[in-house]
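Novice: From first to last, the protein sequence lines are chains U and R. Mapping the first sequence onto our numbering, position 64 (from 1) lands on 98, and the numbers just tick up by one. Mapping the second sequence onto our numbering, position 41 (from 1) lands on 75, and the numbers just tick up by one.
Rather than coming from a laboratory, the hints here were simulated on the basis of the structure. One or more hints might be untrue.
Unchecked claim - Partial pick of chain R residues on the chain U-facing surface, computed with a CB cut under 10 Å:
#1 I70
#2 G74
#3 L106
Stated by the list, open to error - Dumping the calculated DSS-like pairs for lysine-lysine here, alpha-carbon to alpha-carbon at most 27 Å:
#4 R:K120 / U:K98
#5 R:K120 / U:K114
#6 R:K92 / R:K103
#7 U:K98 / R:K92
#8 R:K94 / R:K46
Quantities reported herein were computed from a predicted structural model and do not represent experimental measurements. Just so it is clear, CB atoms sit at the ideal spot from N, CA and C, and this is done for glycine as well.
Number of protein chains: 2
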Amino acid sequence: MYDFYGELLSEKQRIVVDCYYNDNFSLGEIAEKVNISRQGVYDSLKRAEELLREYDSKLKLMEKYKVNKELLKKAIENLKHYDGNKPDILDEVKEDLEQLLKQL
Amino acid sequence: MYDFYGELLSEKQRIVVDCYYNDNFSLGEIAEKVNISRQGVYDSLKRAEELLREYDSKLKLMEKYKVNKELLKKAIENLKHYDGNKPDILDEVKEDLEQLLKQL
């Protein structure tokens, strides 16, 4: 979720989430790094998680991404296996891409 | 921008933006409808516009949508004009779709 909505968090929240989830820092280590209390780091982390869930429940970018990615991967696979003998496959690819265009 | 980020606005802001831009209501008509002052409607509208611009500057969903839509439309057009005699066209479509997959 951070990859999708991280930009909407404050700079402090981004640092805390990044250190905790990507760099595997402990709360104590982050507290020292950003110069706030361990409890402050914990609160900031919880608030950031809450915001990310809230943004996702509203924008649903992750769900959309997953659905569109699957459709596109299927179209690419179909194109790769097209050998000129099955024109139906190209029709299916076209339909999938038209569908993808609607839900981009 | 409202189509992309409208969900992130408050319910009141959504009503005001929707009435003003989609239904072409005047500020006075909206004020009567939502039972706040004309100045309140104006402030709410300005704040909503500011928020939408802020969300767009951070998430850039509109820019991404435009770029991806062009790429996809190009791939669909190429597929439509493919007549079995130009295998290069299918390679180009595959490349465009692989590119699209990276930037979905």
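Novice: Could you work out which earlier hints the structure fails to respect and list their numbers in ascending sequence?
Specialist: 1, 2, 4
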